[in-house]
Amino acid sequence: DYYQPEAYIPVTDTYIEKTAAINDEIDMLRHSATRSLFERRDVIVVASISCIYGLGIPAEYLKASIPLQVGLEINQRQILRELAAVQYSRNDLDMGRGRFRVKGDVLEIGPAYEDRIIRVEFFGDEIDALRYVDPVTGEILQSLDALNIYPARHFVTPDDRLEEACAAIEAELQERVAKLESAGKLLEAQRLEQRSRYDLELLREVGYCNGVENYSRHLAGRRAGEPPECLIDYFPKDWLLVIDESHVTVPQIRGMYNGDQARKSVLIEHGFRLPSAADNRPLKAEEFWAKVNQCIFVSATPGDWELEQSEGRIVEQVIRPTGVVDPEIIVRPTEGQIDDLLGEIKDRVDRHERVLVTTLTKRMAEDLTEYLQERGIRVRYLHSEIHSIERIEILQALREGDFDVLIGVNLLREGLDLPEVSLVAILDADKEGFLRAERSLIQTIGRAARHVRGQAILYADNLTDSMIKAIDETERRRGIQMAYNRMHGITPQSIVKKSSNAILAFLEVSRRLNAQQLETAYTQADDLSLEQIPELITQLEAQMKEAAKKLEFEEAAKFRDRIKHLRDKLLGN
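Numbering-wise (the numbering used here), the sequence shown opens with residue 101 and increments by one.
Do not take every clue at face value.
Under the rule of at most 25 Å between Cα atoms (straight-line distance), these lysine to any residue pairs were calculated in the SDA-like manner [claimed, not checked]:
| hint | residue 1 | residue 2 |
| --- | --- | --- |
| 1 | K384 | P105 |
| 2 | K285 | V306 |
| 3 | K531 | K650 |
| 4 | K658 | L193 |
| 5 | K391 | R432 |
| 6 | K649 | R660 |
| 7 | K462 | R432 |
| 8 | K650 | Y102 |
| 9 | K163 | A120 |
| 10 | K163 | Y102 |
| 11 | K664 | I633 |
| 12 | K645 | M195 |
| 13 | K391 | E139 |
| 14 | K462 | R451 |
| 15 | K645 | T237 |
| 16 | K384 | D528 |
| 17 | K446 | P421 |
| 18 | K658 | E641 |
| 19 | K649 | E635 |
| 20 | K203 | R660 |
| 21 | K203 | E160 |
| 22 | K337 | A229 |
| 23 | K446 | M464 |
| 24 | K462 | D528 |
By construction, these hints were calculated from the structure, which means they are not laboratory data.
Model the full assembly from the supplied sequences, consistent with the hints where possible.
Below, the structure is given as structure tokens:
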């Protein structure tokens with residue numbers, strides 16, 4: 101949910117500790133993905149560019165898994181020791197992912213990669229049964245003959261490797277402290293020794309510490325400068341990579357290493373980390389591409405590098421099933437552009453259509469929003485200071501007709517699917533730069549390509565090279581699309597698409613079902629259909645567990661009673 105990397109700002113002597121709020125479901129899905137890559141061939145993994153950061157060693161992760169099968173002769177305590185060694189913790193009261201509990205001859209494990217419980221039943225020192233059970237009802241979901249228990253964390257280090265790693269960390273620490281002291285950096289030396297020895301003690305005792313990834317070079321036994329193993333290394337050799345919006349993503353691959361090293365070098369220089377921490381890093385571009393077997397770049401505006409790498413093997417998807425063609429482009433002078441735009445907006449509003457307007461700066465977006473509001477236009481603005489969830493809400497509100505005009509800077513480009521938008525207006529289109537480059541213009545113009553009456557108005561006093569290229573490319577595509585429609589007798593039809601959003605729907609349920617709105621949930625629950633009750637039960641269970649963690653047992657009991665009532669309703673009691 102949230103990640104703040106470790107950093108140090110020398111100017112203000114400010115140390116920012118690494119903080120992270122892990123989304124439990126996403127973490128489960130991440131573990132589920134790596135497990136699936138070991139066990140299946142039909143796996144599709146959707147990942148951000150962060151997949152080029154280290155993610156343990158696949159061979160060690162697989163080696164550390166615990167194979168179980170019915171009839172296996174093994175002492176229960178031996179399995180408990182093995183579970184603890186791969187970062188599972190015992191908790192007989194609060195069962196969850198990464199935990200296990202024991203009740204006599206029954207061992208229950210909450211795997212890191214499942215929302216089901218694994219129940220291991222013993223008869224003496226022999227495994228009598230293996231079952232998946234429902235974590236809430238205890239109902240048996242599936243009986244198994246054999247399975248593997250994968251580690252609770254991706255960073256797994258065998259005991260012998262851990263001892264070697266601790267010795268290597270100790271040696272590096274002594275060398276670095278001596279170097280800092282000889283340079284007169286006594287504060288940095290003392291800071292480094294204190295922090296590192298604390299981490300070493302934790303590593304020796306429990307095999308893990310906060311920020312353990314900074315010691316990954318030693319723990320993995322890599323040489324200085326060697327690339328870390330990441331998600332890509334979990335894939336088989338014949339894997340396929342698909343890069344969406346490659347014109348944006350490919351430069352990020354090149355830039356992430358440099359940004360990471362700039363931050364790490366400051367931490368190392370001021371005694372917060374050992375020099376080996378620099379090897380806890382994302383892959384360099386050349387290291388990344390060396391791991392890629394085959395790749396498809398997906399982009400409406402591929403960059404020069406992607407085109408060069410494709411060596412002419414390019415597939416264009418110009419024809420749309422709806423027959424809608426790329427928007428008509430109109431170039432108008434900047435003099436009187438706001439009044440002209442106002443007239444165009446009113447025309448679209450009368451037809452219940454939406455308008456996107458792009459400006460060059462956030463200040464211009466805010467000022468134009470205020471100007472249009474004063475003239476009775478329902479308008480909002482969108483820029484980088486608005487949080488991600490709020491941006492989704494604003495775009496959803498535009499689709500639903502809560503307002504008619506959205507003004508933005510650089511966020512009205514890739515990935516926006518807004519079928520209701522019939523006009524895109526680009527102010528100061530002749531101001532050469534990143535926001536008015538050829539690819540940016542094509543992407544922005546394309547936001548009106550879902551509507552049968554789509555138009556793009558470029559306000560400019562001169563035709564720049566970028567404008568000419570963008571206009572020529574759009575006209576080329578329009579020509580192909582119109583010729584295809586004529587040949588096949590297709591009448592263009594605007595996309596009709598529901599304006600529902602799964603993320604906002606989930607957030608709405610979460611907001612409704614917090615502790616302060618318990619009574620509201622009660623009232624709504626009585627009106628729900630039987631098909632909707634399981635979803636409500638799931639949400640209430642999450643609230644119950646959260647209340648129990650906060651030691652708010654009365655509140656948790658209320659949730660428990662309500663869950664029981666809902667289950668009775670499901671059973672017809």
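To see whether the hints hold, each was checked on the structure:
With a C-alpha separation of about 19 Å, the suggested pairing of K384 with P105 holds against the 25 Å cut-off. For the given pair, K285 sits about 32 Å from V306 by alpha-carbon distance, which is inconsistent with the 25 Å threshold. With a C-alpha separation of about 55 Å, the suggested pair K531 and K650 falls outside the 25 Å cut-off, and the hint is violated. For the given pair, K658 sits about 19 Å from L193 by alpha-carbon distance, which is consistent with the 25 Å threshold.
Among the hinted pairs, K391 with R432 is inconsistent with the structure: their alpha-carbon atoms are about 49 Å apart, more than 25 Å. Note on K649 and R660: the hinted pairing holds, with a Cα-Cα distance of about 14 Å set against a maximum of 25 Å. A threshold of 25 Å between alpha carbons decides the hint, and for K462 with R432 the separation of about 23 Å falls inside it, so the pair holds. A distance of roughly 21 Å separates the Cα atoms of K650 and Y102; the hinted pair therefore holds under the 25 Å criterion.
Among the hinted pairs, K163 with A120 is inconsistent with the structure: their alpha-carbon atoms are about 28 Å apart, more than 25 Å. The straight-line distance between the Cα atoms of K163 and Y102 is roughly 31 Å, outside the 25 Å bound, and the hint therefore fails. Taking the CA atoms of K664 and I633, the gap is about 12 Å. The hint holds against a cut of 25 Å. Distance restraint check for K645 and M195: the Cα-Cα separation of roughly 10 Å lies within the 25 Å cut-off, and the hinted pair is therefore satisfied.
A threshold of 25 Å between alpha carbons decides the hint, and for K391 with E139 the separation of about 21 Å falls inside it, so the pair holds. Annotation: proposed proximity of K462 to R451 is violated, straight-line Cα distance about 29 Å (limit 25 Å). Distance restraint check for K645 and T237: the Cα-Cα separation of roughly 15 Å lies within the 25 Å cut-off, and the hinted pair is therefore satisfied. The straight-line distance between the Cα atoms of K384 and D528 is roughly 37 Å, outside the 25 Å bound, and the hint therefore fails.
Distance hint between K446 and P421 is unfulfilled; the C-alpha atoms sit about 30 Å from each other, more than 25 Å. A C-alpha spacing of about 11 Å is found between K658 and E641, which places the hinted pair at or below 25 Å, so the restraint holds. Proximity of K649 to E635 is assessed by CA-CA distance (about 22 Å); at most 25 Å being required, the pair is judged to hold. Taking the CA atoms of K203 and R660, the gap is about 23 Å. The hint holds against a cut of 25 Å.
For the hint pairing K203 with E160, the CA-to-CA distance comes to about 31 Å; that exceeds 25 Å, so the pair is violated. About 36 Å separates the Cα atoms of K337 and A229, which puts this hinted pair outside 25 Å; it is violated. Pair hint K446 plus M464 holds up; C-alpha atoms about 20 Å apart against a cutoff of 25 Å. Of the pairs offered as hints, the one joining K462 and D528 holds, with about 14 Å between alpha carbons and a cut-off of 25 Å not exceeded.
Comparing the model with each earlier hint shows violations of hints 2, 3, 5, 9, 10, 14, 16, 17, 21 and 22; every other hint is respected.
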